[in-house]
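Trainee: As a plain string of letters, each chain reads:
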Amino acid sequence: MKVTKKGALGIGAIAVASAFVLSGCQASGDNGDDGDTAGSLTVWVDAERVDALKGAAEAYTEKTGVEVELVSKDNATIKDDFIQQVPTGEGPDIAMGAHDWLGELTTNGVVAPLELGDSASGYLDVAIQAATYEGTTYMLPYAVENIAVLRNTALAPEAAASFDDMIAKGQAAGLAQPFVVEQGAEGNPYHLYPFQTAFGAPVFGTDASGSYDPADLQLGAQGGYEFAGWLASQGKTGTGVFNTDIDGAIAKQAFLDGTAAFWLTGPWNVGAAIDAGIDVAIDPIPSPTGSPAQPFAGVKGFFLSAESKNKVAATDFLVNYLGSEDVQLSLYEAGNILPALNAAAETASSDPIIAGFATVGADAVAMPAIPAMGSVWQYWGVAQAAIINGEDPTATWDKLVADVQAAIS
Amino acid sequence: MALPTDRPTVRSLLVKIVLLGIVDAVSIYAAFVLVLQDNWVAAIAVLAVTALVNWIYLSRRLIPAKYLTPGLIFLAVFQVFVLLYTGYVGFTNYGTGHNGTKEQAVSSLLASSLQRVEDSPTYPVTVVDRLGELGLLVTDPETGEAYVGTNDEPLSRVDDAEFENGRAVSAPGWTSLTFQQVIARTAEITALAVPYSDDPNDGALRTPEGSNAYRYLSTLEFDEQADTMTNTQTGVVYTDRGTGAFVADDGAELRPGWQITVGFDNFARAFTEQSIRGPLIYVTIWTFAFAILSVLLCFALGLLLAITFQNARMRGVKYYRLLLILPYAFPAFLSILVWNGMMNESFGFINQVLFQGASIPWLSDPSLAKVSAILVNVWLGFPYMFLICTGALQAIPEELTEAATMDGARGWSVFRQIKLPLLLSTTAPVLIASFAFNFNNFNLVYLLNNGGPRDTTTSLPVGHTDLLISMVYKVAFTGQNRDYGLASAFSIIIFLIVAIIAVVSFSRTKALEEIQR
Chain A
1 MKVTKKGALG
11 IGAIAVASAF
21 VLSGCQASGD
31 NGDDGDTAGS
41 LTVWVDAERV
51 DALKGAAEAY
61 TEKTGVEVEL
71 VSKDNATIKD
81 DFIQQVPTGE
91 GPDIAMGAHD
101 WLGELTTNGV
111 VAPLELGDSA
121 SGYLDVAIQA
131 ATYEGTTYML
141 PYAVENIAVL
151 RNTALAPEAA
161 ASFDDMIAKG
171 QAAGLAQPFV
181 VEQGAEGNPY
191 HLYPFQTAFG
201 APVFGTDASG
211 SYDPADLQLG
221 AQGGYEFAGW
231 LASQGKTGTG
241 VFNTDIDGAI
251 AKQAFLDGTA
261 AFWLTGPWNV
271 GAAIDAGIDV
281 AIDPIPSPTG
291 SPAQPFAGVK
301 GFFLSAESKN
311 KVAATDFLVN
321 YLGSEDVQLS
331 LYEAGNILPA
341 LNAAAETASS
351 DPIIAGFATV
361 GADAVAMPAI
371 PAMGSVWQYW
381 GVAQAAIING
391 EDPTATWDKL
401 VADVQAAIS
Chain B
1 MALPTDRPTV
11 RSLLVKIVLL
21 GIVDAVSIYA
31 AFVLVLQDNW
41 VAAIAVLAVT
51 ALVNWIYLSR
61 RLIPAKYLTP
71 GLIFLAVFQV
81 FVLLYTGYVG
91 FTNYGTGHNG
101 TKEQAVSSLL
111 ASSLQRVEDS
121 PTYPVTVVDR
131 LGELGLLVTD
141 PETGEAYVGT
151 NDEPLSRVDD
161 AEFENGRAVS
171 APGWTSLTFQ
181 QVIARTAEIT
191 ALAVPYSDDP
201 NDGALRTPEG
211 SNAYRYLSTL
221 EFDEQADTMT
231 NTQTGVVYTD
241 RGTGAFVADD
251 GAELRPGWQI
261 TVGFDNFARA
271 FTEQSIRGPL
281 IYVTIWTFAF
291 AILSVLLCFA
301 LGLLLAITFQ
311 NARMRGVKYY
321 RLLLILPYAF
331 PAFLSILVWN
341 GMMNESFGFI
351 NQVLFQGASI
361 PWLSDPSLAK
371 VSAILVNVWL
381 GFPYMFLICT
391 GALQAIPEEL
401 TEAATMDGAR
411 GWSVFRQIKL
421 PLLLSTTAPV
431 LIASFAFNFN
441 NFNLVYLLNN
451 GGPRDTTTSL
461 PVGHTDLLIS
471 MVYKVAFTGQ
481 NRDYGLASAF
491 SIIIFLIVAI
501 IAVVSFSRTK
511 ALEEIQR
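Each protein sequence line maps, in turn, to chains A and B.
FYI, the numbering for the first sequence is 1 to 409, going by this note's numbering.
FYI, the numbering for the second sequence is 1 to 517, going by this note's numbering.
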């Protein structure tokens, strides 16, 4: 009896303690705004890149006395956690993320404008374009990412001159499916976008300031219909180059097994190909028309929280420390994607893989971050998948344009 | 085991005091922190619960409470609070663009409405202080002359400023702030906007990081009295009309807005808005069909196998049983992913190997996808039913069957009239629980096909195999326009449906129990 009583007491103590710790830990996660200390900064960083930022954080603490706490987060949850926690005052001062979150972040009012000042001219143009939303800069860019064609040089020694040439080269090597690209039941417009732009049909036009203009939907331009027709001819009822049954894993396996010579994918998959012992070359995306095939550029960077109590220190840390060449290079080493700062990008381009992606990236266009893009994504992939699977291209594309227009207005 | 005595031993008393002491220390700390955050309600709640816990464990009586308290506290924190909060969110407009308080929305709108004056240079500045009032000591990058100004006074020239590397660092009458002091007064500096001149169209200087300032013009003005936002460039006035955002006369909304309670709006939307009602109705029908069919088929298959294995003439029952348990022993989410791969139209094992390269659209045809979902769910669920039925069958006394046979009943009627009712009365609670589980079988739908194929006729991102729960998930957590309010309203509706079904079925099973008597 005594024993059980004590046991119950113990459990009770743990229960009560943990309940209170739960309520208390919210408070202790606060980012010191005591006023009499130099304060501290909380930075959410994706787990792979924590080590790359340690040096900058320590240097900053040494110089200014401001503690920088790097919190390792899963990249997949940073955006949602940021949106949910900033309004409660519990979020970080700075969060790492991608530029296409900007529409959502600004709509929710959780991100503060960031003045890059004169340092803005030191970044790649596409990086600054991406970091700017409706004329205001919100992000300190650190890397630019785009897709390109990975070529198995053992199967195809030469780069392809055009889309048809690529298929022909693969077939000459005796491959049934020479080229693979990630699709899926709901399509994958991100990976098809270079082909769409080759037909002269971007999603949105741009206004005078270079920002995407939601009122100017270019999807329905003549080029869009030409692209739809071409997509159908390469789909299930045509050549079968595109197949919605090929998802990311199947595309990867085909390339690693050597049953496909060309793979349209991003820098994140290069490591796996090299590990599989494949001699990889990075080629521009072969265009099905004469015009260049422009992929989307995704720009990664750091956001400043709208509710940060330490905006001055945070801005200083972002612009003057995270924007330095050393930090941009160490972030590059952690992630192997092209740095956003010109000087760092040049250094990184000594690697042929990075140089290959950078060449393709020179043609890339920043992915639109405007909220209207959400309405596009919603219908875009499904429509493309339907066309690949043999639906009438013109009618399907018509419906896509109508749906998107209805959703935006 | 010692008999219970009124007098506790010294040791147990000490342990009790130490443990309670730890609890009290932690909760007093928590209360302090909460008070510092001005969260009085939570602080008082924490202290009240602590007092209650102390009273319960220091008292000699209240024995049941000593056992129940920890569980009740957990129940309150992890269940009741979550339920109430979901209920509350269902009555708000919480979602994309309505994420925080009005105050936050206003400050965010004002901050993002700042536009740097075109072609204006970077001004090197020093933050200075005069009797607690902050100012900016600005060096004109073109002339190299120093100016000073505050929130209320536009920039004016300072003749006897001290310079360091071409930057004015101090001026008589002003104290220059060190970087640490600047950081300590971040809030004031963020609010510091020094007018460039008497003309408001010249903009104001603001310093984002304390050493450089830029000239900004604001495009939005907030009028606190009238509760309106005015766009200074277009003259459009945005008013708070109680919809959780500033709205112009033409219906244009400023984003971000803020969170407000909207009463039953979300429920009304779910039932009246055409684009939501349509999917809601057919998703509800499919959810019922899926849950009922899954339970029935799993139960039928499980029962059939259980009866087969009871037959004394079966050989190698042990090995069959082992095989049957496999789907149950294997982690379900892995099995579902494997099924997803096997059902791939062009590369899946089923089409490639079993159907000799046919292209059967297992997961991409709306009707076949439904069949596939049920098929996979039955594969996952029947071993459990098999186990339950095996146990339940063994509990039915053999004499009953013998007696019935003596009375002239044959196999089928013995089963239908004697075994099945007895079986149902013991398994009914399991079947109801299984129904409730399958009603909300998010894992299967999400991992197998993500609710696909997509229904392209609605604006909601719903697919043909989506259950209510995965529809809620998609409304709340996918895409760029989240609507937590609507999703919470949906989950309240789901809760009500499941609760009603459970209550009705459990009262019905009482009728079954009558048979056993």
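The hints are simulated quantities; they were obtained by calculation from the structure and are not laboratory data.
Source: prediction; values computed, not measured.
We put the CB at the ideal spot given by N, CA and C, even for glycine.
A few of these clues could be false.
[As the list claims (entries may be wrong)] Simulated restraints, written as ranges between beta carbons of each label pair:
id	chain 1	residue 1	chain 2	residue 2	range
1	A	Glu-134	B	Tyr-88	27 to 37 angstroms
2	A	Ser-72	B	Asn-54	31 to 41 angstroms
3	B	Leu-36	A	Glu-333	53 to 63 angstroms
Trainee: Against each hint, give a clear statement of whether it holds in the structure.
Mentor: Hints versus structure:
Our hint of 27 to 37 angstroms for Glu-134 of chain A and Tyr-88 of chain B holds, since their Cβ atoms are close to 33 angstroms apart. In this structure the hint that Ser-72 of chain A and Asn-54 of chain B lie 31 to 41 angstroms apart at CB holds, the actual value being about 39 angstroms. For the pair Leu-36 of chain B and Glu-333 of chain A, the supplied restraint of 53 to 63 angstroms is violated, since their beta-carbon distance comes to about 42 angstroms.
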